[in-house]
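Chain residues, written in single-letter form:
2 protein chains.
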Amino acid sequence: MELSLIESLAARLRRPDPRLLVGIGDDAAVVRSLPVCVTSVDAVVENVHFRLDHPSFTFADLGWRALAAALSDIAAMGALPGEAYFALGIPGHVGERNALALMEGAEQLARHTGVTIAGGDVVSAPVLFASVTAVGWAHSPEELLTRAGAQPGDLVGVTGRLGARPPRPWPRLAQGRALAGAGVHAMIDLSDGLATDASHLARAGGVRLHVELSQLPLAEGLAEEAGLAEGVAKEERLAGACVAARAGEDYELCFCASADARERVERALHDASGPPVTWIGRVEALADGESPATVFSDERGEPVELHGYEHRW
Amino acid sequence: MELSLIESLAARLRRPDPRLLVGIGDDAAVVRSLPVCVTSVDAVVENVHFRLDHPSFTFADLGWRALAAALSDIAAMGALPGEAYFALGIPGHVGERNALALMEGAEQLARHTGVTIAGGDVVSAPVLFASVTAVGWAHSPEELLTRAGAQPGDLVGVTGRLGARPPRPWPRLAQGRALAGAGVHAMIDLSDGLATDASHLARAGGVRLHVELSQLPLAEGLAEEAGLAEGVAKEERLAGACVAARAGEDYELCFCASADARERVERALHDASGPPVTWIGRVEALADGESPATVFSDERGEPVELHGYEHRW
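Residue numbers (our numbering), protein chains in the order written: chain Y, 33 to 345; chain A, 33 to 345.
In isolation and in its complexed conformation, chain Y is listed as follows (with noise of 0.2 Å):
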């Protein structure tokens, strides 16, 4: 890769932070630790999880995106957000001027985040790939929050609307830290979808979730999309909930949390000027012989399948 390409990136994500002691321009990053760090690495790539010829695509969204789906991860764990490393593969027909609106519009989002991009790699690739690794930290491993640990009893609630999308989505750093604070006993990031997140919640607790379809807080823009309005029949809005249970990239969180801390969580969730949380469902003991799982119900009480998909390890 052209030696120029780096020097206009580094140039671009140099900024003061007191805790990082060796900067882009070395063998490695250097940062001052907190005792306890949490990694997580999510990659995208051009015509497997966006295009450039959608009519929306920008690079600066796409930068914007993939480091917010890294910190997404952190969020979820109930961590401080630190730094991040982006490994870009870039082909001949994105060019210098696109890779560096891209890191501009990840450092976007770092610098509302309180992130530093701290190094990374640029390699040639025929398509073009990012993969961000996000860093935080905690005190201590009590302050964090994992997918285990729902409890029969529990309730299920998510921040925010599901199925919207947005070409800017916001990880919930400081939600997912006031969620950990307020006592939750499990969390995940909805990355991939409730349909798929929520089971993982239900297989690392050993437990049956059960969420109400008619309960989710639809996104506007879907609700639209779907064509759906006021008055709605039933069948629409069970309709409108199945998609919004099924699409990734909400990057909302979802959690159990046990009924007497309803409006702790709730009043920690209003502190960290989040967005309100709604309840969707219940977490239920296996019965003999039951495998973890999330139960999806209409308002009638009978079951829906869904189907998700996973690729995260």
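The reader is advised that the hints may include incorrect statements.
Some, not all, of what chain Y presents toward chain A, calculated at C-beta under 8 Å [what the hints assert, rightly or not]:
hint, residue
1, L52
2, L66
3, T71
4, S72
5, V73
6, V80
7, F82
8, H86
9, G121
10, A150
11, G151
12, G152
13, S156
14, T178
No wet-lab data here; the hints were simulated from the structure. Glycine included, every Cβ here is placed at the ideal spot set by N, Cα and C.
Keeping the supplied structure of chain Y fixed, place chain A upon it in accordance with the hints.
Okay, now just chain A, sitting in the frame of chain Y:
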């Protein structure tokens, strides 16, 4: 990506590590930190950095090499190796079995070096790529070295032999720490070749590096390839040295140390069971108006022009 591949990978990589609090299978990995965190990212792409149809290509070697490249940067800082994270782009023509072979190659090196592969991402892609994030640790910033710090009067040393491009290179982790402990002033790993990497030392230190090509420790394989043998003509020896100086992927260490640290450095490398050091040149002050650079000369002291390349930031 198929869940079965993720689970197969996770099963192969799961290994006890008392520092690892949350491993593969949650939103993010969680590890206990040391006070200073050192991070490097290194990406390789099919048909750019390697070819599947090369006669000696194996997926296991590729996984080893990809991890070695990232760990080599950790070695060059003098840091303790910690964790690695793999973002893999897997095309249809590679398939699950080969992806597992790649990660098994990486895991072999990880075991040898005490590194835990703690997470990553697996996505579909039109070509195979691997982006490796390597994380190292130090108890204090003073334990670490950077590219900056070369002083006029310093000697320039390298570990091992140059130009071999072994299929399974060893990152010089123990040697990097030994050199940092022996009071070396500046260090870099030879990933892009001495011609390029020595210039980074010159630029970061604001000095001129003078390297005598006749002093380069040539790899045995290289000498054979170039048709060199005992009693080789001087011009052929020089040609071999030029190849070695331009060859990347050596992953040896190049460093600058004061002349009176010479014995201490040699002893430290010996104690680290590393390859011996070869002193290949010296550091000189810049004349007025002169730009930092590395100057190569033949054994008559005549300058030799060498051009390298660069892609890392």
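Tested hints:
| no. | hint | verdict |
| --- | --- | --- |
| 1 | L52 | violated (10 Å) |
| 2 | L66 | holds (7 Å) |
| 3 | T71 | holds (5 Å) |
| 4 | S72 | holds (4 Å) |
| 5 | V73 | holds (5 Å) |
| 6 | V80 | holds (5 Å) |
| 7 | F82 | violated (12 Å) |
| 8 | H86 | violated (17 Å) |
| 9 | G121 | holds (6 Å) |
| 10 | A150 | holds (7 Å) |
| 11 | G151 | holds (6 Å) |
| 12 | G152 | holds (5 Å) |
| 13 | S156 | holds (5 Å) |
| 14 | T178 | holds (5 Å) |
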